Amino acid sequence: GGIITQTPKFLIGQEGQKLTLKCQQNFNHDTMYWYRQDSGKGLRLIYYSITENDLQKGDLSEGYDASREKKSSFSLTVTSAQKNEMAVFLCASSITTASQNTLYFGAGTRLSVL
Amino acid sequence: GDSVTQTEGLVTLTKGLPVMLNCTYQTTYSPFLFWYVQHLNEAPKLLLKSSTDNKRTEHQGFYATLHKSSSSFHLQKSSVQLSDSALYFCALRPWLSGSFNKLTFGAGTRLAVCP
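The listed protein sequences correspond, in order, to chains A and B.
Take any residue in the first sequence, note its place counting from 1, add 14, and you have its number in our numbering.
Take any residue in the second sequence, note its place counting from 1, add 9, and you have its number in our numbering.
For the record, the hints were derived by calculation from the structure and aren't laboratory data.
What you are looking at is a predicted structure, and each value in this text was computed from that prediction instead of being measured.
Don't take each hint at face value.
Straight-line alpha carbon distances no greater than 30 Å define the calculated DSSO-like cross-link-like pairs of lysine-lysine that follow [unchecked claim]:
| # | chain 1 | residue 1 | chain 2 | residue 2 |
| --- | --- | --- | --- | --- |
| 1 | A | LYS36 | B | LYS64 |
| 2 | A | LYS97 | A | LYS85 |
| 3 | A | LYS85 | A | LYS23 |
| 4 | B | LYS111 | A | LYS32 |
| 5 | A | LYS36 | B | LYS111 |
| 6 | A | LYS84 | A | LYS71 |
| 7 | A | LYS84 | B | LYS54 |
| 8 | B | LYS54 | A | LYS23 |
| 9 | B | LYS54 | B | LYS64 |
| 10 | A | LYS84 | B | LYS64 |
| 11 | A | LYS55 | A | LYS71 |
So here's chain B without its partners, still in its complex pose (with noise of 0.2 Å):
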C-alpha cells in the first residue's frame, strides 16, 4: 500500500537558519503530494502541494520539489522565523481516475524555532 515517511520527529533550530524536513513516500501510481502546517491548538492548512515532477512550488516562504526518481518532496526555507515553530505534516494521494483517493500522512515533524 502507499506510504509516507518523515524521519525527523522534531527539528530544533534557531531564528535565521535554513531548515529542511524530509519526505519520502511510497506508491505505485502517479503521485500528488501535499504539506500541511498545524500550529498549536490550530486546524492543519495547505502550505505546499504539487505533482509535478522537478518542478519547485513555494508558498510563504517555504518551497519544495517533487522529485519522483528518488520519491521525495522535502519541505525547505532558506531562514527560519520563530512563527514557523509548528508540526508539519507530508501527505500523499495517487492519482486514480474515477475513484476516492485516500491521503496519506506522514507522522509528522515538529518544527521548534528558538530566538
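Next comes chain A alone, as it looks inside the complex (with noise of 0.2 Å):
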C-alpha cells in the first residue's frame, strides 16, 4: 500500500496572503489532483498532472497556481488568500486518468483566511 501525505493540515492566513500547500505520494503513481471541498458542494477540480512538470487546469483553477516539481510531489499556490475564506483542499493520485482508476485521497489541509 501508500500514502498520501499533505501539508500542512492547518493552514491560516491573512487576506491576500500567497499560501503553499504541498502533497507527497508514495504510491508511484503517474497523475495527482488537487480538489477543493466546500460544505454542500462537493468536491470540485483545481489542478491536475498527468506526469512530472504537467500541469492541467480543472474547473476551478482561477487563483490558483500549482507545481509538480517530481513524480511523488504536487504542491498547490492560493494566489490571494480572500477574507473569511474556509475550505479543505484534497490531494489525490491514480495510476492513470483512465475511466476505472481509483483516486486515492490524502487527509487534506484545512484552510481558514482571517
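Two independent chains are provided; combine them into the complex using the hints.
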C-alpha cells in the first residue's frame, strides 16, 4: 500500500496572502490532483497533472497555481487568500486518468483566512 | 456537461435500520460510477465502483447496482452501524478512450447513525 501526505494539516492565513499547500505520494502514481471541498458542494477539481512537470487546469483553477516538481510531489498555491474563506483542499493520485482508476486521497489541508 | 445529483444532504437513522442513499447522474458517454466514503477528519476512500449495467456490486456490507435505464447508482445497506456515520460521495467518470476522464462528484450525503 501507499500513502498521500498533505502538509500542513491546518493553515491560517491573512487576506491577500500567498499560501502554499504541499502533497507527497509514495504510490508511484503518474497522475495527481488537487480538489477543493466545500460543505454542500462536493469536490471540485482545481488542477491535475498527468506526469512530472505537466499541469492541467480544472474547473476551479482561477486564483490558484500548481507545481509538479517531481513524480511524487504536487503543490498548490493560493495566489491571494480571500477574507473569511474556509475550505478543505484534498490532494489525490491515481495510476492514470483512465475511467476505472481509483483515486487515492490525502486527509486534507484545512484553510481558514482571517 | 456531466452531473451527479445526491438528493439528501443529511440522513439520520437508528442503528440496525436499512439505508439507501440516492445517486443519479447525467452523461452522454458510457458511465463509470463510484461511491467514496469520508469519515470525520479522514481522507475519502473508495467504497464501491461499477460500470456494468444491472449488476450488483458489494463491499463492507454496502451494495449498489448501476441502472443505466434510470441513470442511477443508489447505495444501500441492510443494517447500519454506528461506524457507518460518515460523508458519502457519489462520483461519475465517463468512458472516453484516450482522453482525460474527469471525475464529477455529487454534493455528498452525510449519514448520521444514532444508538
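Status of each hint after checking the structure:
{"no.": "1", "hint": "A:LYS36 / B:LYS64", "in the structure": "violated, 40 Å"}
{"no.": "2", "hint": "A:LYS97 / A:LYS85", "in the structure": "violated, 33 Å"}
{"no.": "3", "hint": "A:LYS85 / A:LYS23", "in the structure": "holds, 22 Å"}
{"no.": "4", "hint": "B:LYS111 / A:LYS32", "in the structure": "holds, 28 Å"}
{"no.": "5", "hint": "A:LYS36 / B:LYS111", "in the structure": "holds, 22 Å"}
{"no.": "6", "hint": "A:LYS84 / A:LYS71", "in the structure": "holds, 18 Å"}
{"no.": "7", "hint": "A:LYS84 / B:LYS54", "in the structure": "holds, 25 Å"}
{"no.": "8", "hint": "B:LYS54 / A:LYS23", "in the structure": "holds, 18 Å"}
{"no.": "9", "hint": "B:LYS54 / B:LYS64", "in the structure": "holds, 22 Å"}
{"no.": "10", "hint": "A:LYS84 / B:LYS64", "in the structure": "violated, 40 Å"}
{"no.": "11", "hint": "A:LYS55 / A:LYS71", "in the structure": "holds, 19 Å"}
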